[in-house]
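Visitor: Line by line, the protein sequences are chains A and B.
So the first sequence is numbered by our numbering: it starts at 46 and just counts up by one.
So the second sequence is numbered by our numbering: it starts at 46 and just counts up by one.
Mixed in with the good hints there might be a few duds.
Which copy? The list can't say, so a pair holds if one copy fits it or any two copies do.
Stated by the list, open to error - Calculated lysine to aspartate or glutamate pairs in the EDC-like style (CA-CA distance at most 16 angstroms, straight line):
1. Lys331 to Asp317
2. Lys426 to Glu278
3. Lys403 to Glu381
4. Lys426 to Glu151
5. Lys69 to Glu50
6. Lys403 to Asp120
7. Lys417 to Glu398
8. Lys331 to Glu316
9. Lys88 to Asp103
10. Lys69 to Glu327
11. Lys426 to Asp258
12. Lys79 to Asp103
13. Lys430 to Asp391
14. Lys84 to Asp119
Quick caveat, the hints were computed from the structure, so don't treat them as lab data.
Number of protein chains: 2
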Amino acid sequence: MKHIETIGLFGFGVVGEGLFQLLKNNKIMNTEIKKICIKQRSKQRSVSQHLLTYNANDILDDEKISLVVELIDDDQSAYDIVKHALLNGKSVVSGNKKMLAKHLEEFIQLQQIHSSALLYDASACGSVPVVRNLEEYYDNDLLKSITGILNGSSNYILSQIFSKGENYHSALKAAQALGYAESDPSSDVEGLDALYKLVIITCHGFGAYVPPDSVFCYGISQIKNFDIQFAKEKNLKIKLIARVEKVNNDHFTMFVMPKLVQPDEYIYNVEDENNGVIIEGECYDKQLMFGKGAGAFPTASSVLSDITARNYNYKYEYKKRNYFKKMSYSINTELEIYLRYDNLSDYNHFEFESIFEKYFGKGFNYVIGSIKLNNLLKIQKVIKKLDVFLAFTGN
Amino acid sequence: MKHIETIGLFGFGVVGEGLFQLLKNNKIMNTEIKKICIKQRSKQRSVSQHLLTYNANDILDDEKISLVVELIDDDQSAYDIVKHALLNGKSVVSGNKKMLAKHLEEFIQLQQIHSSALLYDASACGSVPVVRNLEEYYDNDLLKSITGILNGSSNYILSQIFSKGENYHSALKAAQALGYAESDPSSDVEGLDALYKLVIITCHGFGAYVPPDSVFCYGISQIKNFDIQFAKEKNLKIKLIARVEKVNNDHFTMFVMPKLVQPDEYIYNVEDENNGVIIEGECYDKQLMFGKGAGAFPTASSVLSDITARNYNYKYEYKKRNYFKKMSYSINTELEIYLRYDNLSDYNHFEFESIFEKYFGKGFNYVIGSIKLNNLLKIQKVIKKLDVFLAFTGN
Numbered sequence: 046m047k048h049i050e051t052i053g054l055f056g057f058g059v060v061g062e063g064l065f066q067l068l069k070n071n072k073i074m075n076t077e078i079k080k081i082c083i084k085q086r087s088k089q090r091s092v093s094q095h096l097l098t099y100n101a102n103d104i105l106d107d108e109k110i111s112l113v114v115e116l117i118d119d120d121q122s123a124y125d126i127v128k129h130a131l132l133n134g135k136s137v138v139s140g141n142k143k144m145l146a147k148h149l150e151e152f153i154q155l156q157q158i159h160s161s162a163l164l165y166d167a168s169a170c171g172s173v174p175v176v177r178n179l180e181e182y183y184d185n186d187l188l189k190s191i192t193g194i195l196n197g198s199s200n201y202i203l204s205q206i207f208s209k210g211e212n213y214h215s216a217l218k219a220a221q222a223l224g225y226a227e228s229d230p231s232s233d234v235e236g237l238d239a240l241y242k243l244v245i246i247t248c249h250g251f252g253a254y255v256p257p258d259s260v261f262c263y264g265i266s267q268i269k270n271f272d273i274q275f276a277k278e279k280n281l282k283i284k285l286i287a288r289v290e291k292v293n294n295d296h297f298t299m300f301v302m303p304k305l306v307q308p309d310e311y312i313y314n315v316e317d318e319n320n321g322v323i324i325e326g327e328c329y330d331k332q333l334m335f336g337k338g339a340g341a342f343p344t345a346s347s348v349l350s351d352i353t354a355r356n357y358n359y360k361y362e363y364k365k366r367n368y369f370k371k372m373s374y375s376i377n378t379e380l381e382i383y384l385r386y387d388n389l390s391d392y393n394h395f396e397f398e399s400i401f402e403k404y405f406g407k408g409f410n411y412v413i414g415s416i417k418l419n420n421l422l423k424i425q426k427v428i429k430k431l432d433v434f435l436a437f438t439g440n
Numbered sequence: 046m047k048h049i050e051t052i053g054l055f056g057f058g059v060v061g062e063g064l065f066q067l068l069k070n071n072k073i074m075n076t077e078i079k080k081i082c083i084k085q086r087s088k089q090r091s092v093s094q095h096l097l098t099y100n101a102n103d104i105l106d107d108e109k110i111s112l113v114v115e116l117i118d119d120d121q122s123a124y125d126i127v128k129h130a131l132l133n134g135k136s137v138v139s140g141n142k143k144m145l146a147k148h149l150e151e152f153i154q155l156q157q158i159h160s161s162a163l164l165y166d167a168s169a170c171g172s173v174p175v176v177r178n179l180e181e182y183y184d185n186d187l188l189k190s191i192t193g194i195l196n197g198s199s200n201y202i203l204s205q206i207f208s209k210g211e212n213y214h215s216a217l218k219a220a221q222a223l224g225y226a227e228s229d230p231s232s233d234v235e236g237l238d239a240l241y242k243l244v245i246i247t248c249h250g251f252g253a254y255v256p257p258d259s260v261f262c263y264g265i266s267q268i269k270n271f272d273i274q275f276a277k278e279k280n281l282k283i284k285l286i287a288r289v290e291k292v293n294n295d296h297f298t299m300f301v302m303p304k305l306v307q308p309d310e311y312i313y314n315v316e317d318e319n320n321g322v323i324i325e326g327e328c329y330d331k332q333l334m335f336g337k338g339a340g341a342f343p344t345a346s347s348v349l350s351d352i353t354a355r356n357y358n359y360k361y362e363y364k365k366r367n368y369f370k371k372m373s374y375s376i377n378t379e380l381e382i383y384l385r386y387d388n389l390s391d392y393n394h395f396e397f398e399s400i401f402e403k404y405f406g407k408g409f410n411y412v413i414g415s416i417k418l419n420n421l422l423k424i425q426k427v428i429k430k431l432d433v434f435l436a437f438t439g440n
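Just chain A, same shape as in the assembly (with noise of 0.2 angstroms):
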């Protein structure tokens, strides 16, 4: 049955905002907003000064505020906020996909502890409701693989890159001037943002929380002409995908990482801005779900279906977790990888199984081959400093 939330809400950016306007314009929703705590009191803001308050406690401490809704940048306040209004048993709805990649495992005991509830579908792929369905529609153990576009930034660039000609540069400075990339760029290229995502992702979709820094991560920044010009020839597009994938009954495996992909797979389409899953399952094969991944809109609707589904006080019940196997991650896994190198001082960094494709040329050398993740994983830090480019060749 449904009941009325009374929402203490934390940030008015652009996703604040458009959440805002959208409860104030679906009248019929059985939400109210008490209080909105801001942090910068210079700016001017579109609602009544007596919504306002600077001070967190205001919402935390406000017995009548049953929803705390998180929405601001900082991942270390917005932790505070959060452990403080599960403590006090109040429900969250959050979209900080960095705070939740990090404190995912303690969020999970409080809300058992304290009976209370965190959504946070927005926190990754915006629109597009990808938690809630691994949670809900594919909680038996058929599923294979969740292989996704999971940023927007990044696949834009790479959309620019291989519809208009452009290079890594310019497409960056392109997305720049859209709002589509920020100042620092750095999360959404180096593929931190895809990161944090694929921690939430896997936590429904397999039943288990990994911390961030012990999965493979590497962004699209060191891309350079050469690789272009070699996927462009094979009628290939390079995609940043993020990666969890089932090795067998006990372990799965994962990674973030750039992927040659081919004209017949389904994320080959998914352009621009856009975000996309594939969900490989046992028995249906792959699906895909697609759709916008950022934006203010976008966000906000989500977070908009996670208030109303605390309206029919629904909370993640972690079923995998909880109901099924435990499975455990994995990084001795084998990885086809392709793999430019300028210089065979940076090529000796990797410790190849096995090598299927060789190519020397003028300043460009490349190999497709197989390695360990585990190896990649020890030299995380280094190939960032190489002058090499890597991506990954499977399926």
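Fit chain B to the supplied structure of chain A, relying on the hints for placement.
Guide: Showing chain B alone in chain A's frame:
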């Protein structure tokens, strides 16, 4: 919390047997099939005899059986089974779209009165979780339209036509040879199968039940080479779509019809026997859900998801129907269509509001114009006897 379901299964065709295998191989599932009711005594079955019965009441009147899974072909018998089960307070999982589309209104009431639950995600789009997502995730009034390729057989035929240069009749034969179309393909190619699914989807997307026979439904069997050539010359494809669309805050409209599809539309790349559903909303623009719409295992996996949902007492709340402003079905809307005709006497059945484009040629003529949906509905039966082809040209 999870509890055990004791299942009575009706039907042991490809889906029923697929489900049986799935449950057998997934031992952690809290489910047990106690009885399987079948019709044909002569067939060899891959299960031990003590599980089988030919008497429906062995399941329906067994108090130990908490969940009836109905996977038979005959919609009248399916109706009797589902009704009897719901009256007895049992939960039911069904994939019978024809039966559901005809009797959903009654079943919704029966569920309320007898506190029983009926789940049927397998009935619309096989493995793609459309019903559950519309019910649970898009549960606010931001939804603008749902447009789907809901029938795999007709989509396979149209894909063959556009990718292999086949004509309608050779493509139909190929589909039949591969088992993608029945020996009597009329339900698929005339749009009825898509219509039944649309009725179900509309109930969860817009909260209203519309009987199938009050919806304009037109299939692909009248397509001719001229129509194919017309589309190809403009770099378009023809896809059979089912669509429900919000007209204003009080009304929605719906139909099943072929559509001329532009290359930049998401469904342009939904090929072969696949299904794809585009969910359009105020905030999130358009989202695509894509996957296998039919087949033994994809359908069985969807049935399985409904069964495991019952392990957690999940039932549809029919949220749009119960908690949102009631919307009414309207046929007083205008559609932009392409109409190919050979004879003026055929053309004269159509009362266009306005004409945007006209072509007179050797043996073939067409117009593109705007027509009222109630005009099309009025002449629905006549159209099938004319030498014409219709396709939606709107967005």
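Visitor: Against this structure, judge whether each hint is valid.
Guide: Structure-based check of each hint:
1. For a Cα distance limit of 16 angstroms, the shortest separation of Lys331 from Asp317 across copies, 14 angstroms, qualifies, whereas the shortest one inside one copy, 22 angstroms, does not.
2. For a Cα distance limit of 16 angstroms, the shortest separation of Lys426 from Glu278 qualifies neither inside one copy, at 31 angstroms, nor across copies, at 53 angstroms.
3. Proximity of Lys403 to Glu381 under the C-alpha cut-off of 16 angstroms is restricted to the intra-copy arrangement: shortest distance 13 angstroms within a copy versus 56 angstroms between copies.
4. For the homomeric pair Lys426 and Glu151, neither the shortest alpha-carbon distance inside one copy (27 angstroms) nor that between copies (63 angstroms) is at most 16 angstroms.
5. Proximity of Lys69 and Glu50 under a CA criterion of 16 angstroms is satisfied intra-copy only: 14 angstroms inside one chain copy versus 43 angstroms between copies.
6. Taking the shortest alpha-carbon separations for Lys403 and Asp120, neither the intra-copy value of 44 angstroms nor the inter-copy value of 61 angstroms comes in at or below 16 angstroms.
7. Within a single copy, Lys417 and Glu398 get their C-alpha atoms as close as 7 angstroms, which meets the 16 angstroms cut-off; across copies the closest is 66 angstroms, which misses it.
8. For a Cα distance limit of 16 angstroms, the shortest separation of Lys331 from Glu316 across copies, 14 angstroms, qualifies, whereas the shortest one inside one copy, 19 angstroms, does not.
9. Proximity of Lys88 to Asp103 under the C-alpha cut-off of 16 angstroms is found in neither arrangement, the shortest distances being 20 angstroms within a copy and 71 angstroms between copies.
10. Proximity of Lys69 to Glu327 under the C-alpha cut-off of 16 angstroms is restricted to the inter-copy arrangement: shortest distance 14 angstroms between copies versus 44 angstroms within a copy.
11. Within a single copy, Lys426 and Asp258 get their C-alpha atoms as close as 11 angstroms, which meets the 16 angstroms cut-off; across copies the closest is 64 angstroms, which misses it.
12. In this assembly of identical chains, Lys79 and Asp103 lie within 16 angstroms of each other by CA distance solely inside one copy; the values are 10 angstroms within and 57 angstroms between copies.
13. In the homo-oligomer, the alpha carbons of Lys430 and Asp391 lie at most 16 angstroms apart inside one protomer (9 angstroms), although the nearest pairing across protomers, at 73 angstroms, exceeds that limit.
14. In the homo-oligomer, the alpha carbons of Lys84 and Asp119 lie at most 16 angstroms apart inside one protomer (11 angstroms), although the nearest pairing across protomers, at 63 angstroms, exceeds that limit.
The structure does not agree with the numbered hints 2, 4, 6 and 9 stated previously, though it agrees with the rest.
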